[in-house]
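Residue numbers (the working numbering), protein chains in the order written: chain A, 1 to 189; chain B, 1001 to 1277.
Don't read these hints as lab results, they were simulated from the structure. There may be inaccurate statements among the hints.
[As the list claims (entries may be wrong)] Simulated coverage check for chain A against chain B, where a stretch passes if three residues somewhere in it have a Cβ under 8 Å from a Cβ of chain B:
1) 52-61
2) 169-178
[Stated by the list, open to error] According to the in silico footprint, chain A covers these stretches of chain B (three or more CB under 8 Å from chain A):
3) 1026-1035
4) 1057-1063
5) 1176-1189
All C-beta atoms, glycine included, are put in the ideal place defined by N, C-alpha and C.
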Amino acid sequence: MHPASVVAAEGFPSGFPLLPQPAEMIVGLIAFAILYWLVKSKVVPNMEKLYAERTAAIEGGMQQAEEAQQQAQAALEQYNAQLAEARAEAARIREEAREQGAAIIAELRGQAQTEANRITEAAHKQIEAERQQAVVQLRSEVGRLSTDLASRIVGESLEDETRQRGIVDRFLADLESGSIKPEKVGEGA
Amino acid sequence: MSLNVVPLHMLPAVVPAAEGGGEGFETPGVANFWWPLFGGDGAFAFTRPALVLLISVALIAWFFVGATGKLSLVPSKRQFLVEGTYNFVRNTLGRDIIGSKDFLQFLPLLFTLFTLILVNNVFGIVPFVQYPTFSRLGFPLVLTVIVYLTYHAVGIKRKHGVLNYLKSLVPPGLPTWLKPILFVLEFLTYFVIRPLTLALRLMGNMLAGHLMLLVFILGGEYLLLHGDNIGLKGAGILSMAFSVGMTFFELLIEFLQAFIFTLLAALYIADAVSEHH
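If we strip away everything but chain B, and leave its shape as in the complex, we get (with noise of 0.2 Å):
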């Protein structure tokens, strides 16, 4: 693939159709994905979406440390905002899910991942930017594991040793023949299932939605400048228009994907902060 040792060519907009020549149209794919800025090709290349996720931490930080270090009583516009955004994961996440008895203490975890994934989220479709940090599964992963070491660590706690953890996660009450499997069921989904579908899920939406705006877009580009007939050249118009539509389908699903993995987050430390399973 042409398109991976030149990832200026990265940008949506900018991506030719087809290099050279002009004929066949190159499928934007996976690989697109892939964009190394300095630091060599290999597993320590330093990635635009790396910078890009340390930009958002700047935005982030410098948008709310900034305005909550002179908060008042009656809000101006902007810590009105900042208010409306802390309030919404700290009722709706988190004291709502958690409990208003242990919530506070991870609000710093639910509101930094809420705050992180929704502005990484959104750079998928702010000019210039266009690229949604986490379809790399890299940076989902990071703040999977994170999720998953508190909400095990939490329940180890809670339930006084790891053994009493492991034997919380079977529900009371149950026959006896039915508990080995249902202990299999469970651990499996606390230990492999939820950490897998957490990463997963953020990561896989994230890429498809960026991938089939690339498809669109491109696409559309291509029947528009190569099209033999008005009729290619009028599906090309066609799909390009379609995408914006998509862009503002994006916005709804980047939003939402933030909102899951922190609701999910929230939900399996509640989960572990409970007395019983």
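Isolated chain A, as found in the complex (with noise of 0.2 Å):
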């Protein structure tokens, strides 16, 4: 095993320097006993649960970051949904404004047609109105022109007579219906 021990007696190497010397071999058998042990119950199991304590914490924290990220998404689709509602809300609101100011416009066209119907209507009636007391003033007036003028022509005053109003009257009542002519009124007088 160790041909080096044979020659070990005096000066080890002597001869041959480079044969393994028993000694060392101890040592180095020794040396590394320790430090293997030491691996072995120290570093490798301290550090595999580093590892494995590192390798928990960056799943956790991917898994936050996955559920963080699903919360995000959830958000986002709720946010649309949102919006589209609102959207649709929009479109709605206008449409019924727009119906709305539609009848709004209609009603008031058949308000003014109204108003403008009984305004005419009132203005009718107010001419005819007037004009039945044209009528009426007029004939008095004429009444009493045609009596001025016949006493004018007459030379005497008619006028007791024509107190008595139903002659012009009944005149008049006769011109209207046409059975008098005017010419013949001239004439006649």
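Fit chain to chain and form the complex, with the hints in mind.
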């Protein structure tokens, strides 16, 4: 096993300086054993535990990030849904407003029409009334004028007679009904 | 060799180029690496590299066990360094080679190998230590024996018995006449060549690298101090300057050898763990 030990008597490497020295091999074995035991019982378990912890931490972080992403996704979807809803709502409201506007316009138009009709009606009535009044007034005026005229022509006042207005009125009624021509009145008078 | 009996002169910077009279240059050699501290001069003398190895164990234990005692999810500077080293061994050397199913049980072995070899190699250029522990064959041999036993034990266990393990050395689907030849080759590879190269590669690299530094520094010093003319003195300065560059190169080799040793150990174990050869 140790060929060196044969030569080892005096000045170990005498003649064979490269041969392994038993004492060094023993020390080497002991040194290796100590270090191996320390590495096996302390360094490797501690490091592997650290790695496991780190992996767990990273995986935990990744899971957390995934959850956060899912939450963000859900929030985005909710937001989009709300946005779509809001858009639909806005469109609906706009539509409604348009309809309402149209209804209001139609109503107003109807009202205006009615008002206009009413005003026209009132005007017609007023005109009719005024015409009636004018006719009545004219009638009395014409009666007076014709009486005056006649009295001037006759030379005496016919007023007493005309007080009995029946004549003039009757005459005028005849005139209106067309049974007497105005010329005839002149001739006849 | 007078240096053998004057071990204190091992420190490259202190080694006198020539003792007494200052005549003649004693070439640094393999014998310079023998440096007993106490317990005589024989097979069971306690040597300086053995002390360095023990110191390195204390240092590694303090650094890694101390740091992993109070780990936090958010690493501190020291923990960052610890994690970087651990990750490198765990993922690059362990998981990627042995496979994510089995690597964890071999991780302590790989981590111990890598840190122990790396620190001891780097000790080769650390001031006041300046001794690559693994240039002494005894140390890499011990580690190789451990790796050797591990991968054979795992192989025998995984292949269900010694006989099946030996059978699995020959790849399936070969013509019958080729099988014995290949078996001999594979057997030599698994049982002789792998451990031999694993131990000697590390030892040889460390020894040769350090010896080269010794030659350049001691030679440069000798030329500078005892050179007859300005040319030789200049060559001495040049040699010393070159040794500085070589030192950085050594650092690379030291890391690389620690990496290669652990990588090969992982490859051998991965080979044993795998279902087929």
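For each hint, the structure was consulted:
1. 52-61: Result for this restraint: holds, n = 3.
2. 169-178: violated (count 0)
3. 1026-1035: holds (count 5)
4. 1057-1063: holds (count 3)
5. 1176-1189: As far as the region 1176-1189 of chain B goes, the hint is violated, because 0 residues have Cβ atoms under 8 Å from chain A.
Hints 2, 5 from the list above are not met by this structure, while the remaining hints are.
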